[in-house]
Amino acid sequence: MTTLKQSFLQGYVDKENYTVSRQVYVNDEIYRLEQERVFARVWLFIGHESQIQKPGDYFVSRMGEESVIMTRDRQGEIHMHRGMKVCRYDEGNTPVFTCPYHGWSYALNGSLVGVPYYKEAYHSELKKNEWGLVEVAQLCNYKGTIWATWDAKAPTFEEYLGDTKLYYDILVDSRDGSPGGSEAIGGVQKWRTGANWKSAAENACGDGYHNISHRSVDMVGIGPSGGKGRRDDETGGSRRLAISTPEFGHGALTGEQLDDYPWTPAYLNDPEVAEWAEHCYYERQRNLGKLARVLGGVGNIFPNMSYWSRQPRRMVVWHPGGGPQQSEYWSWFLVDKNAPDKVKEMLRHYGLRYSGPAGLTEQDDMENWNYASKASNGVIASRQPYNYQIGKGRFNKNDHLPGHVVEGMSEMNQFGMYSFWAELMDAESWDDLFEKRERREYEEGKA
Amino acid sequence: MTTQAQQSAVERMLRHHEIEQFLTHEASLYDERRYNEWLDLLTDDIRYYMPMLRNVKFGEHERELTREMEDLNWIDEGKDILTKRIEQILTGVHWAEEPLSRIVHVITNVLIEDDRGDEVDVKCKFVTYRNRVETETDLFIGRREDTLRMVDGWWKIARRKVILAQSVLLAKNLTLLF
Chain A
1 MTTLKQSFLQ GYVDKENYTV SRQVYVNDEI YRLEQERVFA RVWLFIGHES QIQKPGDYFV
61 SRMGEESVIM TRDRQGEIHM HRGMKVCRYD EGNTPVFTCP YHGWSYALNG SLVGVPYYKE
121 AYHSELKKNE WGLVEVAQLC NYKGTIWATW DAKAPTFEEY LGDTKLYYDI LVDSRDGSPG
181 GSEAIGGVQK WRTGANWKSA AENACGDGYH NISHRSVDMV GIGPSGGKGR RDDETGGSRR
241 LAISTPEFGH GALTGEQLDD YPWTPAYLND PEVAEWAEHC YYERQRNLGK LARVLGGVGN
301 IFPNMSYWSR QPRRMVVWHP GGGPQQSEYW SWFLVDKNAP DKVKEMLRHY GLRYSGPAGL
361 TEQDDMENWN YASKASNGVI ASRQPYNYQI GKGRFNKNDH LPGHVVEGMS EMNQFGMYSF
421 WAELMDAESW DDLFEKRERR EYEEGKA
Chain B
1001 MTTQAQQSAV ERMLRHHEIE QFLTHEASLY DERRYNEWLD LLTDDIRYYM PMLRNVKFGE
1061 HERELTREME DLNWIDEGKD ILTKRIEQIL TGVHWAEEPL SRIVHVITNV LIEDDRGDEV
1121 DVKCKFVTYR NRVETETDLF IGRREDTLRM VDGWWKIARR KVILAQSVLL AKNLTLLF
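Going line by line, the protein sequences match chains A and B.
The first sequence maps to residues 1 to 447 in the numbering used here.
The second sequence maps to residues 1001 to 1178 in the numbering used here.
Since the hints were derived computationally from the structure, they do not count as laboratory data.
Small disclaimer: the values here were computed from a predicted structure and weren't measured.
Even for Gly, the Cβ is constructed at its ideal location relative to N, Cα and C.
There's no promise every hint is true.
Computed spacing ranges between beta-carbons, pair by pair [claimed, not checked]:
1. B:His1061 with A:Pro116: 21 to 31 angstroms
2. A:Asp151 with B:Arg1102: 40 to 50 angstroms
3. A:Asn269 with B:Thr1091: 42 to 52 angstroms
Straight line, CA to CA, 25 angstroms or less: simulated BS3-like cross-link-like pairs of lysine-lysine [what the hints assert, rightly or not]:
4. A:Lys54 with B:Lys1079
5. A:Lys165 with A:Lys290
6. A:Lys143 with A:Lys127
7. A:Lys436 with A:Lys153
8. A:Lys344 with B:Lys1084
9. A:Lys15 with A:Lys392
10. B:Lys1123 with A:Lys228
11. A:Lys290 with A:Lys143
12. B:Lys1123 with A:Lys342
13. B:Lys1156 with B:Lys1123
14. B:Lys1057 with A:Lys85
15. A:Lys342 with B:Lys1079
16. A:Lys54 with A:Lys85
17. A:Lys344 with B:Lys1057
18. B:Lys1084 with A:Lys342
19. A:Lys344 with B:Lys1156
20. B:Lys1084 with A:Lys228
21. A:Lys436 with A:Lys15
Okay, the calculated bits of chain A under chain B, using three or more residues with CB under 8 angstroms as the criterion [as the list claims (entries may be wrong)]:
22. 189-201
23. 362-370
Work the whole structure out from these sequences, hints included.
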């Protein structure tokens, strides 16, 4: 018998007080239900096309708790299948995947091609075309980043991005503003933590309020221009923005320059890199016009793909790890494919000293997320919900940028993430979610 | 002849002892939180490389480790950033190491691979224990390939390759060096 409250939107995410129950981080039933209602339904990030360049290349990824294989077939098409566990390697090149247990083998497009004793055991009657690897319902190659969903009824990926597209594009477009053109540096960092997947997701979704966490790295300084701090500051004269896309739970933290400013020198540790960055800056202004004033920042594509579109340029998936207080983090770093080798090397080195489990900045994040998750246990703790009131009522409906824009610090991004999460948890399907939303908005309008 | 062979064996044992003592001493400095003394044991041109490991098909093991100066690694840097790591711990506000963890490096299976007089390539295994706050405990087990260089009459570390025997890192972070 379930002990869950009837409605997530009313029982766990309080839209009047902007609070979220601590149960969402620690409750086993909630964790199991979100595998079905969140992870089996929404768009999830799988990997980058540069990881599978040649026919036969494959990369084993995850969608929620499920193992999936991303492959490129002989025709160059990308496929995505459930792969538990016909492939025990992380990546490679193969003509065929063979399950080591009974020896069934599958082609790169997932179709079942080999069955031992097909004649003797199955009398050639097994319908091979019905027993291929389960293919995802929708797949999208968005500017080199590969996304998939198990739900045929899910909106298209671009619809799903919604207003956050403009901010996500800053990650995946080239530094000079031309569309796409990124590649992933070799290797994916993978590590396990004792935090709920939402702890990290909400941090990147909108938390601009935790700078004290990073005081030590700012004191020693690891930025690409030397001195104190962990990044170059190019945000002078810009307004600081928190932008929520509550329709699908995404959030972005960014800035917008108030005018077309000249280049703020950055990447000064190396003149060649600095020159390249300056060139890209002016090209971007030329290519994008006023939109170039929107700067890179950090964001989260619901549910669990966070990105840093500026310094360092990187994406992380916070996979649920088999229980409410376990996750597995996977991290990729992006560079412009056509950037000079020296630039790529500098960015790789900067990314490593900044991010990941050994990164001087992120070590402290992991510490906080783990203890925040742990602090959600306990009877007395559970009576005290988490507070997301920064930026409450500050949403500017008339802002010219897309999304729900709040100037200054705001937790409306995180709250938007939890509200959409609760909508999904309350819904039987995508159709049901949209129907319930329409009814709620109608009733709210009446009241 | 016999004497010479014996001498050489004794010399080799002394050399082994000397190297082992050095590695033990180095580990002690770190575990006793004498971080600046530990830093002094690194040459200015040290390369510290800690690759990640992939699961690869039999026969493709040259792809098992991520590449130095090319791919993502756990750590891939020189003395500048290693110094920053120590400085960060010494700020007292590095929350991932505040309060400081209790770290124990067990260094064993020391094997001199190549002795060039003023430079020595040495392999060893490590069992490194990290315990922090209350019950949080991690165990890091792996092997190391070091190059030690004689500088002003004492050994320094000129290169360290740390191969942790994990593909998915089973710890939430790496606040320590190996």
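These are the hints, each one checked on the structure:
no.	hint	result
1	B:His1061 with A:Pro116: 21 to 31 angstroms	28 angstroms, holds
2	A:Asp151 with B:Arg1102: 40 to 50 angstroms	48 angstroms, holds
3	A:Asn269 with B:Thr1091: 42 to 52 angstroms	22 angstroms, violated
4	A:Lys54 with B:Lys1079	38 angstroms, violated
5	A:Lys165 with A:Lys290	16 angstroms, holds
6	A:Lys143 with A:Lys127	37 angstroms, violated
7	A:Lys436 with A:Lys153	16 angstroms, holds
8	A:Lys344 with B:Lys1084	22 angstroms, holds
9	A:Lys15 with A:Lys392	11 angstroms, holds
10	B:Lys1123 with A:Lys228	37 angstroms, violated
11	A:Lys290 with A:Lys143	22 angstroms, holds
12	B:Lys1123 with A:Lys342	32 angstroms, violated
13	B:Lys1156 with B:Lys1123	15 angstroms, holds
14	B:Lys1057 with A:Lys85	14 angstroms, holds
15	A:Lys342 with B:Lys1079	20 angstroms, holds
16	A:Lys54 with A:Lys85	22 angstroms, holds
17	A:Lys344 with B:Lys1057	29 angstroms, violated
18	B:Lys1084 with A:Lys342	23 angstroms, holds
19	A:Lys344 with B:Lys1156	31 angstroms, violated
20	B:Lys1084 with A:Lys228	11 angstroms, holds
21	A:Lys436 with A:Lys15	16 angstroms, holds
22	189-201	holds (count 7)
23	362-370	holds (count 7)
Hint compliance for this structure: hints 3, 4, 6, 10, 12, 17 and 19 are not met, and every other hint is.
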